[in-house]
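Quick mapping for you: the protein sequence lines, in order, are chains A and B. When we follow full-length UniProt numbering, the leftmost residue of the first sequence carries the number 1, and every step to the right adds one. When we follow full-length UniProt numbering, the leftmost residue of the second sequence carries the number 1, and every step to the right adds one.
What the hints contain is simulated information worked out from the structure, not anything from laboratory work.
As a list, the in silico DSS-like pairs of lysine-lysine whose alpha-carbon atoms are at most 25 Å apart: (1) A/120 - A/171; (2) B/369 - A/74; (3) A/187 - A/110; (4) A/171 - A/43; (5) A/171 - A/40; (6) A/43 - A/120; (7) B/358 - A/74; (8) B/450 - B/369; (9) B/206 - A/110.
For each label pair, taking beta carbons as the anchor points, the in silico distance ranges come out as: (10) B/109 - A/115: 39 to 45 Å; (11) A/83 - B/511: 54 to 60 Å; (12) B/368 - A/163: 26 to 32 Å.
For each residue, glycine too, the CB sits at the ideal point set by N, CA and C.
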Amino acid sequence: MSSDKQLQTTQEARMGEGVDDRFNSKLREAFGSSPFILTKFDKFMNWVRGSSMFMLQFGIACCSIEMMHTYAVKHDLDRFGAGVPRASPRQADVIIVPGTIVSKFAPRMKRVYDQMPEPKFVVGMGSCTISGGPFHEGYNVIKGAEEVIPVDIHVPGCPPRPEALVYGVAKLQERIANGETSPVTVKPYELEQFGDLEGDELVRHLADEIDEEDLVMRYNWAESR
Amino acid sequence: MSLEKPRPSTTDHVGVTEQGLDYEALADLLGDLVVGRESHINAEGFVVRPERVAEALGRLKQQAGFDHCSCVTAQEYDDRFESIYHLKKYADPTQEVSVVVPTSRDDPRSQSGNSVFRTADWHEREAYDLMGITYDEHPDLRRILLPETWQGHPLRMDYDQEQPQVVTFREHANPLKEDHREDDADTMFVNVGPHHPATHGVLHLKTVLDGETVADVDPDIGYLHRCEEQMCQQSTYRHQIMPYPDRWDYISAGILNEWAYARAAEDLAGLEVPEYAQVIRTMSAEMCRIAAHLLALGTFALDVYGDFTAIFMYSTRDREVVQNLLEDLTGQRLMFNYLRLGGVAWDLPEPREEYFEKVRDFLDDLPAKLEEYHDLVTGNEIFQLRCVNTGVLEPDVAKSYGATGPVARGSGIDYDLRRDDPYGYYPELDWDVVTEDGCDNYSRVLVRMKEIEESAKIIGQCVDLLEEWPEEEREIQSNVPRTLKPDNDTEVYRAVEAAKGELGIYMRSDGTDTPARFKIRSPCFSNLQTLPEMSTGEYIPDLIASLGSLDIVLGEVDR
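Put together the whole structure using the sequences plus the hints.
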C-alpha cells in the first residue's frame, strides 16, 4: 500500500474513479459537495419573503397612478421580485398605501390590512401617508397612515417618482432580509364595538343611530395634529 | 374653419337677442318670482324665494331653454345661507343665468330643484352635507361625502374641527328586501368596492343583483373626500391655490385643472394673459388630455378584458412618453403646478429645437400607435360584443344629469367648452369636436380615441406657432400684483373643458387675499350620477364596463 493512498480522505476513497457525478444541480454546485445548507430557518424564511413579495392591488388617490407606472413597463417592479399585484388581500403580503386616507376610508383600510395573512408589510407612499400631506389641515383627513396601521417604509413625495417607490420597496426587502419589524410609534385608531366606547356626550348622542355591536372607529382630532 | 359650426338655433327662447342675453326679458318671464337681482361676473343672478325654486327653474328650463344645471353652490354669509343654481344651455354655454336662493340662518330650508334637473339630487345632497341646508321635497336627502354619523356641517363658519367623530363600519342591508313578497327572495346584495380592482379608486357601489341582472345600484362616494374646497378657501389666490387643482383629477390632467382655476381667478381679478403664454397653456393642456385619455383607454381595456398585459402596458408606455414631455416642460411627472395667474411659470426648456423635435417625434409616432389600439380594442369583435349597445345613455337623460365631456359627446351632444365658450388659443386653431351617436360604451371609448387625434392636431399647430414666435415677444406672464385682493363680494363661475368634461370653479371674494367661498364643479361628480340609468336592468359585467367607460376619477368626484 503506497503512502498516497493513505492520505486520501474517506470521502475521496468512497468516490471511486471516474466523473464526479454528485453535483447534479446548480444549487449543489454552489454549496459544494455537502448536501446540507447551513443557515438559520428564520434567515432563510426572511430571504424567501424578501425575494418574492406579493403586493396588494390597492389604489387610493394620486399616488396610485405612479404606483401603476411602477408596476408597468419602463419601471417594472417585477424585476425586484415584487411584481404581480394581487386583487385579494388574502393572497398579498405587502400593502402599498398610495394616497390620502380620510375618515370614511380608514375603517375599510384597517379591515383590508387585517385580512392579509401574517407576516405582512406596509409601504406608505407619498406625503399623505406620512402626515396628511397637503391636506393635513382638512377636517376629514387622517394625519398619516400610521394612525391606522403600522408602516414599515415611508416613501416621501407628492407623489414620489416610480424610482423612489422602487427604492422604497428595495429598502423594505433589505429590512425583511435583516429580520427587522416596523416600530409602532403611535397607538393606531382601532375598530371597536360601539358598546365598548366610553360613554361621553358624542356617544350618548349617537346611541340611537348605532347598534351596540356595530364596529366603529373613533377619531380624536384634537389629539392628532 | 372648424369653429364656424352649425349651431342649433336658440333664438326662439325667451331673452335671446343678437347682442346676447336680454336679462330684462328673463326677469319678465319670472315675473313676481324674482325678489331681487344680483350681478356676477359671468351672469346676472335672480334672487328667488326659497319655496318657489322649482317653479323658477322650471320656467327658465321650459321657456328660456336653460337645459344645463351646471352646478349648485351653497354658501354661508353672516346673515343668511344661500344656494346658487348655475344654469347654462347645452346649445350655447355662454348664455348663463344664476338663480340665487337665500335662506334664513336659523332654519336654512329651501325647495329642491330635483323635479326640474335630476342632477340637483346629488348637488343638493352635497350642499346639505357640507353646509347644512335642508331641501324640501328632495327624494333622498342624506349625507353624500361624509359618513352618515358625522356631527356638524364642516363648511359652516362655526364648525369645530377639533370635535371627535365616530365613523361606523357596518354591513349594508339589501334595499330591495322589503319589496319581496315571498320569503325565498332571489336578489343578492353585492358590495362593489370601496377596495375593488374595477372601481378605479375608492368608489363603493351598493349593487342588488337579480340573477346576473342589476336590479339596483347606488354609488356610495366620499372615500376620498379630502376637503379640497376647505384647502382652497384657506389658501391665497396668488400662489397657494394652484397646486391643489393638480390633485383633483390626478390622471396627469393637472394642467387642464389648473386652467380651470386660472381662468376663474383671472376673470375675478381682471388679469390679462399674454398670447404666447396662452399657446403654451393650450399645448401643455392638450398633452395632459392625451395622457388622461390613454389611461382611460388602458383601464377600460383592463375592465373589459381583464388583461394586465397588452393594452394596459401599451397605454402606459405611451403615457410615459407624454409624461416625459411634460416633465421637460414643467419639472414634474404628475403634479405639474405649471400655470400661474396671468401666464405660465417659465418658458419652454432650452434648447428649444430639441424640445420641439421630441414633441414632433411623439406626434409622428402617434398615428401608428392609435392604429395599433384600434386593432387591439375597437376593431376587436369580442370588445364590440361587450360594448356596443351596452350602457346606453340617451341624450335627454344625459342632459338632465348634467353630463359633459366624452360622456355627453358619446351620446351625440355636441358640447365642448373649448369651442362653445372659447378660451386660451383654441379659437385660432384648426380642430374638430368629436361626437358619436351610439350613446353606448363603445361610443364613449371611440370619442376618447378620436379626441387624442384632435389633441395631437392642436399640439402640432402650437409647436409650429411657438417655433416661429419672435424672441422679443415671448412674454410668459403678465404683470400681476404680488398679493391679489379682488374687490369685496365679487362672484364668478367659470368652466373649462377638462379631460372628463366641464370643470367649473365658483369663487366669491371678500376683499381679503383668500376666497370666501371656493366651489368646484366636478365633471365626474355629475357623470357618475348617470350610472344607475345606464346599468339598471343590464348584466353585471355591463355595469363594470359602463363604469369604466364613464372614466371617473375619485379625487374629482369626492374632492
